[in-house]
Amino acid sequence: MTALDIDPDLVAVIAIAAAVVALLGLLLALIVARRIRRMRRQYLALQQGGNGESFLDAVSRQGDDVAALRAEVVSLASDVQTLRVDLADAIRHVAVVRYDAFNDMGGRMSFSAALLDDAGDGVVISSINGRTETRTYAKGVKAGVSEAELSPEEVQVIGYARASNPRS
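Its first residue numbered 1, the sequence shown is counted upward by one per residue in my numbering.
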């Protein structure tokens, strides 16, 4: 057998197989080209963005915005701490006790009011009402204790005020 003595049926089968492989290659190339075209459109959309800003620019801007927000949160946390310190000195614990100072009067017209800060510092104001006169007293309070002698009602109202839990 020589090189020219090849079986024509075998040549036909090889030619058909080559044509099928070529068609499959062409089909695959068309599919890949279509996907590349779609990816290129998506890439260009990312590059250009909806408002003319590229995706990378938008991500960079977002990173800068997040950094600025973090700095703002740190600043606000410091401000909140300062406010908490200031608020501790504010009169936030208030209580009132009404009572009858004299047995001959009804209606619980006398009262004691405690106005305290978080440390228990402040004032107790008492108003003693009688039939013919009213007397009002103010006594300083430091850490829940007064240098002046306190009545049982004033001690009670200081206890109520110190036990109160105002909203933070």
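To be clear, the hints were calculated from the coordinates, so they are not data collected in a lab.
Be aware that one or more of the hints could be misleading.
Claimed, not checked - Dumping the calculated EDC-like pairs for lysine to aspartate or glutamate here, alpha-carbon to alpha-carbon at most 20 Å:
1) 142 / 153
2) 139 / 121
3) 142 / 117
4) 139 / 153
5) 142 / 86
6) 139 / 65
7) 142 / 89
For each hint, the structure was consulted:
1. Distance hint between residue 142 and residue 153 is fulfilled; the C-alpha atoms sit about 17 Å from each other, no more than 20 Å.
2. The suggested pairing of residue 139 with residue 121 holds, with an alpha-carbon distance near 11 Å, which does not exceed 20 Å.
3. Taken as a hint, the residue 142 and residue 117 pair is honoured in the structure, with Cα atoms around 10 Å apart against an allowance of 20 Å.
4. Taking the CA atoms of residue 139 and residue 153, the gap is near 13 Å; set against the 20 Å cutoff, the hint holds.
5. The straight-line distance between the Cα atoms of residue 142 and residue 86 is roughly 18 Å, inside the 20 Å bound, and the hint therefore holds.
6. A distance of roughly 54 Å separates the Cα atoms of residue 139 and residue 65; the hinted pair therefore is violated under the 20 Å criterion.
7. Our distance criterion of 20 Å between C-alpha atoms is met by residue 142 and residue 89, whose separation comes to about 12 Å.
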